[in-house]
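Chains as they are written, first to last, in my numbering: chain D, 1 to 449; chain W, 1 to 523.
The reader is advised that the hints may include incorrect statements.
Stated by the list, open to error - With the C-beta cut set under 7 Å, the calculated list includes, among others, these residues of chain D facing chain W:
(1) Val42
(2) Ala73
(3) Glu114
(4) Gln116
(5) Ala230
(6) Ala298
(7) Ile327
(8) Ala352
(9) Gln359
(10) His362
(11) Pro391
Claimed, not checked - Restraint-style ranges between C-beta atoms, simulated for each label pair:
(12) D/Glu188 to W/Asp341: 27 to 37 Å
(13) D/Lys53 to W/Lys400: 45 to 55 Å
(14) W/Asn52 to D/Arg148: 30 to 40 Å
(15) D/Tyr416 to W/Glu251: 38 to 48 Å
(16) W/Glu61 to D/Pro31: 26 to 36 Å
(17) W/Ser10 to D/Arg148: 52 to 62 Å
(18) D/Ala301 to W/Thr7: 13 to 23 Å
(19) D/Pro39 to W/Asp223: 41 to 51 Å
(20) D/Ala44 to W/Gly23: 55 to 65 Å
(21) W/Asp51 to D/Met223: 18 to 28 Å
(22) D/Asp21 to W/Val62: 58 to 68 Å
As the list claims (entries may be wrong) - Partial list, derived from the structure: chain W residues whose beta carbon lies under 10 Å from chain D:
(23) Ala25
(24) Leu122
(25) Ser299
(26) Tyr358
(27) Val459
(28) Leu486
Just so you know, these hints were derived from the structure itself, not from any lab. Backbone N, C-alpha and C fix where the C-beta goes; we use that ideal spot for every residue, glycine too.
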Amino acid sequence: MRYIPNSPNERAEMLRRIGVDSIENLFDSIPEGLRLRRPLNVPAALSELELLKKFDEMSNRNLAARRVSFLGAGAYAHYTPTIVDHLISRSEFFTAYTPYQPEISQGTLQAIFEFQTLVCQLTGMDIANASMYDGSTAMAEAVLMAERVTRRSKVIASSAIHPEYLDVAHTYVQHAGIELQHLPFNAETGTTLADGLSALDEKTAAIVVQSPNFFGCIEDLQMLADKAHAVGALLIVVVTEAISFGLLKSPGARGADIVVAEGQSFGVPLSFGGPYVGLFATREKYARQIPGRLVGEAFDAKGRRGFVLTLATREQHIRREKATSNICTNEGLIALAATIYLETMGPRGIEAVATQCAQKAHYAARKISEIGGFSLPFSAPFFNEFVVRAPTEAASLLRKLASENGIDGGIALSRYNAERPNDFLVCVTETNTRQQIDALVEGIGSLIH
Amino acid sequence: MITKVTTHISPHERLIFERSQPGRAGYSLPPLDVDEQPLGEIIPRELQRDDNLAGMPEVTEVDVIRHFTRISTWNYSIDQGMYPLGSCTMKYNSRLNEKVARIGGFANLHPLASEAEAQGALEVIYELQQHLAEITGLPGISLQPAAGAHGEMTGIMIIRAFIDARDGKEKSAQRRTMLIPDSAHGTNPASAHLSGFTVKTIKSTAEGLTDLDHLRELCAHGDVAGLMLTNPNTLGLFERNIREICEIVHEAGGLVYMDGANMNALVGVARPGDMGVDVIHLNLHKTFSTPHGGGGPGSGPVCCTKELEPFLPVPRIVAQTSVYDGETDEHRLKSVPLRLDFNYPQSIGRVKAFYGNYGMMLRALSYILTHGREGLREATEAAVLNARYIAHALVTDYEKPFEGSPMHEVVFTDKRQARKGVHTLDIAKRLIDYGFHPMTIYFPLIVSGAMLIEPTESVGHQELDQFIDAMRSIAKEAAEDPELVLNAPHSTRIGRLDEAAAARKPVLRWKPKLAESHSTATP
Numbered sequence: 001m002r003y004i005p006n007s008p009n010e011r012a013e014m015l016r017r018i019g020v021d022s023i024e025n026l027f028d029s030i031p032e033g034l035r036l037r038r039p040l041n042v043p044a045a046l047s048e049l050e051l052l053k054k055f056d057e058m059s060n061r062n063l064a065a066r067r068v069s070f071l072g073a074g075a076y077a078h079y080t081p082t083i084v085d086h087l088i089s090r091s092e093f094f095t096a097y098t099p100y101q102p103e104i105s106q107g108t109l110q111a112i113f114e115f116q117t118l119v120c121q122l123t124g125m126d127i128a129n130a131s132m133y134d135g136s137t138a139m140a141e142a143v144l145m146a147e148r149v150t151r152r153s154k155v156i157a158s159s160a161i162h163p164e165y166l167d168v169a170h171t172y173v174q175h176a177g178i179e180l181q182h183l184p185f186n187a188e189t190g191t192t193l194a195d196g197l198s199a200l201d202e203k204t205a206a207i208v209v210q211s212p213n214f215f216g217c218i219e220d221l222q223m224l225a226d227k228a229h230a231v232g233a234l235l236i237v238v239v240t241e242a243i244s245f246g247l248l249k250s251p252g253a254r255g256a257d258i259v260v261a262e263g264q265s266f267g268v269p270l271s272f273g274g275p276y277v278g279l280f281a282t283r284e285k286y287a288r289q290i291p292g293r294l295v296g297e298a299f300d301a302k303g304r305r306g307f308v309l310t311l312a313t314r315e316q317h318i319r320r321e322k323a324t325s326n327i328c329t330n331e332g333l334i335a336l337a338a339t340i341y342l343e344t345m346g347p348r349g350i351e352a353v354a355t356q357c358a359q360k361a362h363y364a365a366r367k368i369s370e371i372g373g374f375s376l377p378f379s380a381p382f383f384n385e386f387v388v389r390a391p392t393e394a395a396s397l398l399r400k401l402a403s404e405n406g407i408d409g410g411i412a413l414s415r416y417n418a419e420r421p422n423d424f425l426v427c428v429t430e431t432n433t434r435q436q437i438d439a440l441v442e443g444i445g446s447l448i449h
Numbered sequence: 001m002i003t004k005v006t007t008h009i010s011p012h013e014r015l016i017f018e019r020s021q022p023g024r025a026g027y028s029l030p031p032l033d034v035d036e037q038p039l040g041e042i043i044p045r046e047l048q049r050d051d052n053l054a055g056m057p058e059v060t061e062v063d064v065i066r067h068f069t070r071i072s073t074w075n076y077s078i079d080q081g082m083y084p085l086g087s088c089t090m091k092y093n094s095r096l097n098e099k100v101a102r103i104g105g106f107a108n109l110h111p112l113a114s115e116a117e118a119q120g121a122l123e124v125i126y127e128l129q130q131h132l133a134e135i136t137g138l139p140g141i142s143l144q145p146a147a148g149a150h151g152e153m154t155g156i157m158i159i160r161a162f163i164d165a166r167d168g169k170e171k172s173a174q175r176r177t178m179l180i181p182d183s184a185h186g187t188n189p190a191s192a193h194l195s196g197f198t199v200k201t202i203k204s205t206a207e208g209l210t211d212l213d214h215l216r217e218l219c220a221h222g223d224v225a226g227l228m229l230t231n232p233n234t235l236g237l238f239e240r241n242i243r244e245i246c247e248i249v250h251e252a253g254g255l256v257y258m259d260g261a262n263m264n265a266l267v268g269v270a271r272p273g274d275m276g277v278d279v280i281h282l283n284l285h286k287t288f289s290t291p292h293g294g295g296g297p298g299s300g301p302v303c304c305t306k307e308l309e310p311f312l313p314v315p316r317i318v319a320q321t322s323v324y325d326g327e328t329d330e331h332r333l334k335s336v337p338l339r340l341d342f343n344y345p346q347s348i349g350r351v352k353a354f355y356g357n358y359g360m361m362l363r364a365l366s367y368i369l370t371h372g373r374e375g376l377r378e379a380t381e382a383a384v385l386n387a388r389y390i391a392h393a394l395v396t397d398y399e400k401p402f403e404g405s406p407m408h409e410v411v412f413t414d415k416r417q418a419r420k421g422v423h424t425l426d427i428a429k430r431l432i433d434y435g436f437h438p439m440t441i442y443f444p445l446i447v448s449g450a451m452l453i454e455p456t457e458s459v460g461h462q463e464l465d466q467f468i469d470a471m472r473s474i475a476k477e478a479a480e481d482p483e484l485v486l487n488a489p490h491s492t493r494i495g496r497l498d499e500a501a502a503a504r505k506p507v508l509r510w511k512p513k514l515a516e517s518h519s520t521a522t523p
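Go ahead and model the full structure; you've got the sequences and the hints to work with.
Below is the structure:
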C-alpha cells in the first residue's frame, strides 16, 4: 500500500528487532475466538485511475449539481474567491490537529482568533467560540446554554425556524429536562406571532427565533428581545443565510443574547449538506457558559504575543460529565475557510454581495408575482429568500421545471409541511444572473399557461 | 543529537486587523444586472445595518495570501512528519481523497436537491455504510453525526430509546446509570450526561484493564443502562475480557457502547460486532484518514446491531428495493435507486441538519477503496507494529506503567524524569526542539504524567528511530541538564505561553486600540 512507508522487508526487520515472530503474533492480546479469520468483504484496492473514474461516474449521476439553481433553505450557492480553497489546502492547515501545543500551532490559533473576532463583528456580540458543527447543532447548544444561564427549563421556539433545525433541537433537549414550546407564525406576514407569547413567563429560559426566517422573512428581533428580557429570559437568534449580516442590522444591535448561525455562505461548498460551520456568539458575561473551544490572547516569558486554547475548565476533558457541552472537535478547517472568505471580501465585499442578493431576489419576486396565478403569500420584508404560492402543486411544478427547463426552481414546502402543497421557497444569490432569473420566470409561467 | 530539524525562516505576521488599510479590497463581483430598486424600498431603513461593518479588515488578495501563508508556517502538520498524538490517529491525509471531495458533481450539489437528481451522492453514502458495517460487524448505520462526541451522544441516545421501548417509560426510568471506565475520554461522561444518564466510574486493574469484579458490583443494582468502553482502551491495551464484559452488562439488562476512537488497531483483524458490542461510533477523521483540519471537521458514524437499528437518526439512506445481499456486486448496487427514508417512528430523531459531513464521507470511501480489503488490514498491522517498536525501544529510558503488549499506541510516564524535576509537559515541549509534535500528554487521567504515543502506520522506521533517539536524548538531558528541558522549547518563534494568565482575564477577540477608537468616534 503506497501510503505505508515501511516495506514488507523493513517490517520483517522491525519484527525481528522487537522479538515477535510474525505479524499475526502482534495481535496475541486479542483472544483467538475474537479474531476475524477471513478477509474483509470489501473490494480489492483500486488504482488512482480506477478510483477517479468510479467517483466521476457517480458524480455524473448528481444531475442537480449542474443545474441552474434557486435552492436555499439552509445551504446557499455563493461565489467563493479562488484563494479560499487554495489556502485551506496548505498542508500546514489541513493536516494539523487541534492546537493543543501552542508553540507549534500558532497558525491555526491566530486564524481562530481572527475568526472569533469576525463573528463578533458580524453578529454584534462580545465573544464568539471557535465554531460548532453547523447552524443546527449550534442552535441546539444555544438552547442548552440558555437553560444553564437562566436555570429555567422552558424554551419557546418560533415555528418559522428551519424545520430541520427544530428537529435537531428536539433531539438534543429530549433528555435535558427542557420543555420546547412552539410559537406560531403570522400567516399573512410570515413572521413570528408575538401574540403567541402568552406562554412567556418567569419559567422561560429563552425565545428562539430565526431571522431571516425559514420563509426568508425578517423578524422583529427588538420586539422579541424586549418581551424576553421583561421576564428575564434570553433571546436566541438563528441565522441560516449568513450573507444577510452584510445588509441587515446585527442581532446584537437588536437585543439578542446568543446569536448562532450557519456559516456555509462564507466560502464553503454546498457538498450535499456538509461539512459546514456553526457560528456561536454571545455576551461577555456568559463567557464561562459558552460551549466549545475558545482561543484567547497570551504572552510568553519575553512578552511576545501568541494565542492559546483557553477557559478549558468548561470543557469535557477536565469537567467530564459537568462540562458545558460534549463538543470536542469543531469545524476548524471550515472556520478557516470562512475567515479567509471574510477577510478577502472585506466589509465592502460582504455588503456588495448582500446587496446583490437582496436586489436580485426582489427582482425575481417582482417578476414571479406578475405571472397570472402566482402570488407571494407573505408580506414581511425579506432578504434573499421568499415563498411563492403556485396555482398548482408546487412539487410537481418544480419537477417539470427541472426536467423540461433544466432549472431547480426552489424547494417545495410540502417537503416539510403537507399543509402547504402549493408553496415553494425561492432563493436568489449573486451567482444567479438576470438571464437565469428570467428563465425561471418564463419557465414556471409556461408550465402553467 | 537533533537529526530531524534545523531552524528555518519564521516570519512575523500581525493580526489581519492590524494590517488593514482603508480602501483596500480583495473581491471582485460582476455589476448588478437587474433593475436596481432604492434599498429603502426593499429593506426598511430600521432593519438595515448602520455600523458600516466597522473593524472588519480591508485588505487585498495579495495581503490575504501572504498573511495566511506566513502564519501557516507556524503550524506543525502531518505532512512535516510524525505526529504521535495518542488516540488521535494522525495518519497521512491522501491528496487523492481531497481531489475526490472537490469533484464538481459532489461539491456543487445542494442537500435539498431531489433524490432522483442526487443518486450519485446517495450511492456514496450507501456504499460507505456497507463497508463500515462490514468492518465493524454491526449492520445498522447512520453517517449523520458530525464528530466523535456527536456520535457518542447519538449512540447513547439510541441505547436510551431502546431501553425505553423495551421496558416502558416507567420501568426504564429506574435505569439511568451509565458505566464508564476511569480511563475513558472526557467526552464519554459528557455525552452520557447530555442523554440524561448518571455516570458511575469503573476502576481499572493494575494491568490496565477493566476491573470485572467492580463491573459486576456496579451491575448488581438493576439500574445500569449501559457501559461505554473504548477498545483497545486508552492505554493501548486490548480488553481481552471484552466478551465477558459484554455478557455481564447484557445480563444486567444493559447495552454496550464502544468508543471507536481506537479502531485503527482493529480494522480487518477483529470486529466489535463479533465481541458483543451493541453500538459503536467511528471517527472517519482518525481511522479513515479524513484530515483533522486544525480541529475539524470530523465525522462520527454510528454502527449498531439489527435490534437497535429502528432507533437510528433519520433520515436513513435506503435502497428502494432491497436487493443488496451483502456480496459486493457493484453493478447491482448502481442499478438500485436510493432514497431518504424518514419513516422510523422509534428513531431518536435528527442530530444534524441534512445528512452529516458529506465531504468527509467521500474521503473515507476513497480511503477504503484505495486500500482495499488487504490494504486495510495492512494499515492496521503497520500501525500496531510501529507502536510496538516504540514501546520496545523506550522501556530502557521511560517508565512503562503496564506490562501488557500495546496495540496501536503505548503509554509511558515521567516517573523516572520527575525525580530530577522534569515532567511530562517539559518532555513534550523539548520534543518540539527535536522536530516532532509531542504525544498526547496527561491522558488518560489515571496514569500520573502520562505520555500516550500513537505513531500510526504513516511513519517509516527511520523516522521512528529518530523519534526514539530524540526521546532517549531528552531522558539523558533530564538527568544531566534538566534546565535545558525545563525551559524548552528553544527553537520556536515564541516560548511557553502563560495560559493561566490568559484564562484569568480572557481576551477572546481583537478590538481597535482605545486611542484609535477615540479618534474615529463621532462626537
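Hint check, failures only: 5, 11, 16, 17 and 28
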